[in-house]
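Residue-level listing of the chains:
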Amino acid sequence: MVRLTHNPIDYHALTEAVRGPHYGAVALFLGTVRDLTGDQVTEFLVYEAYPPMAEKKMAEIEAEVRRRWTVGEVALVHRIGRLGVGEVSVAVAVSALHRAAAFDACRYAIDTLKELVPIWKKETAPDGVGGWVHPTSELRNAECGMRNKDTIEGDAQ
Amino acid sequence: MTLTVHLFARARDLAGSDAVSIDVPAVATVADLRLALTHRFPALGDLLARSAVAVNHDFADDLRPLSAGDEVAVIPPVSGG
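Chains A and B are the protein sequences, given in the same order. Letter 94 of the first sequence, counting from 1, is numbered 644 in the numbering used here, and no numbers are missing. Letter 61 of the second sequence, counting from 1, is numbered 1168 in the numbering used here, and no numbers are missing.
Derived by calculation from the structure, the hints in this document are not laboratory data. Just to be clear, a hint being listed does not mean it is correct.
Unchecked claim - Under 7 Å between C-beta atoms, here's a sample of chain B residues computed to sit facing chain A: (1) 1176; (2) 1182; (3) 1184.
We put the beta carbon where it would ideally sit given N, CA and C, even for glycine.
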């Protein structure tokens, strides 16, 4: 199951949706809005998607997860719109017979989503300064949370 | 032919619109479309060079031929998650 939503992600319901009597393991990943990136304070984020392509790519990720691992249920949900600090932007839940497949499949799904799915975030600081985040491939490869300010291509640099 | 190109995030801000009509030759590839976009929106150049192009909701390389009616989009480096 894949979905984009404007509404808060009910991760408890999502977890329940992938649980089942045949599965001994459930892995849940939540991405949440962080207040600090390096020394940069975030007031809120705005997420935007190219919806038909985003949902298609998310469905392809689910299909690839099912091809690589024996899993039960797979759920990928990404929120779009304005999110405050602490809110859940993305949730991935996977059930499987045992924990290894659940962990590995969940990790693959969120990593691939962040790499391929056409969704973007715009950061806004308390002073109103901010901009769209368009990471460079080097930073993406480093998978680092310590983005340089020059990767934020703002309206008011 | 004329194609409608969808733009997102910073690319939309730079072009000033979320969808633009771009004329390309009757026989054209994604590379031709990139050239036409750069001519029309010089400010887009640097970001466009770092962006992918999608045709009908799949990533397309520069050699991909374009047809009238294709849904085309500029995909700047993504930052979801």
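Cross-check of the supplied hints:
A distance limit of 7 Å between C-beta atoms decides the matter here; for residue 1176/B the minimum to chain A is near 15 Å, and the interface restraint is violated. The beta carbon of residue 1182/B comes within 5 Å of a beta carbon in chain A, closer than 7 Å, and the hint placing it at the interface holds. At about 4 Å, the closest approach between the beta carbon of residue 1184/B and any beta carbon in chain A falls short of 7 Å, and the interface hint on this residue holds.
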